[in-house]
Amino acid sequence: MGRVNFGSKINDYKGILSNLILGQDVLTDWNIYPLDIDGAIAGGWPHTEGLKPKSSIKKEELFGPTFYMGTFQPNGLTWDTFLKLYQWTKGQVWINGVNLGRYWPARGPQQTLYVPGILISPTQTNNITVLELEGAPTHLRVLFMDRPLLNATKS
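Note that numbering that gives the first Met the number 0 gives residue 151 to position 152 of the sequence shown, counting from 1, and the numbers run on in steps of one.
Calculated directly from the structure, the hints in this document are not laboratory data. The structure presented is a predicted model; accordingly, all values stated were derived computationally and were not measured. Some hints could be false.
[As the list claims (entries may be wrong)] Pair by pair, the computed Cβ-Cβ distance ranges are: (1) T70 / S7: 46 to 52 Å; (2) T152 / D28: 36 to 42 Å; (3) Y12 / R106: 34 to 40 Å; (4) G75 / L16: 48 to 54 Å; (5) R146 / I117: 16 to 22 Å; (6) L26 / N74: 47 to 53 Å; (7) F5 / D145: 37 to 43 Å; (8) D37 / P121: 21 to 27 Å; (9) T65 / G22: 22 to 28 Å.
Positions of the beta carbon are idealized from the N, C-alpha and C atoms, including for glycine.
All chains, please: the whole structure from these sequences, using the hints.
Have a look at this one:
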């Protein structure tokens with residue numbers, strides 16, 4: 000997904016490569032605005048104060064770009080670990096406001112994200128935020144593992 004700047008793939012363009020169409024209309028004179036997602040997550044999402052977690056989520060509510068937030072306690076264990084987003088589709092993950100990176104198990108080869116132990120507090124509640132772009136699993140959970148899963152794709 001990086002930009003090639005040499006060789007036979009020099010014209011491997013990225014981004015919007017043709018007209019932007021809504022229905023049958025070509026959109027013109029539109030603007031792009033950056034979203035400071037990292038800043039919003041690091042700032043603690045003040046608009047979520049007082050919200051109660053949903054006890055049940057309908058399957059149809061699990062599609063499309065959605066933020067999921069949760070907390071975890073490491074019970075004093077704070078060494079480096081690897082995060083597996085079991086049955087998640089595609090998106091990004093933050094631990095305590097720090098962006099770990101993107102996940103896309105269907106494309107691989109990386110099936111886990113590296114979590115430096117320094118990001119995890121041994122005594123306070125830790126936050127995890129997941130931006131799922133396509134479809135979350137029915138059971139919203141993540142797994143912390145002691146080793147990475149590499150060189151694979153989800154089938």
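Verification of the supplied hints:
{"no.": "1", "hint": "T70 / S7: 46 to 52 Å", "verdict": "holds (49 Å)"}
{"no.": "2", "hint": "T152 / D28: 36 to 42 Å", "verdict": "holds (40 Å)"}
{"no.": "3", "hint": "Y12 / R106: 34 to 40 Å", "verdict": "violated (19 Å)"}
{"no.": "4", "hint": "G75 / L16: 48 to 54 Å", "verdict": "holds (51 Å)"}
{"no.": "5", "hint": "R146 / I117: 16 to 22 Å", "verdict": "holds (19 Å)"}
{"no.": "6", "hint": "L26 / N74: 47 to 53 Å", "verdict": "holds (51 Å)"}
{"no.": "7", "hint": "F5 / D145: 37 to 43 Å", "verdict": "holds (39 Å)"}
{"no.": "8", "hint": "D37 / P121: 21 to 27 Å", "verdict": "holds (24 Å)"}
{"no.": "9", "hint": "T65 / G22: 22 to 28 Å", "verdict": "holds (25 Å)"}
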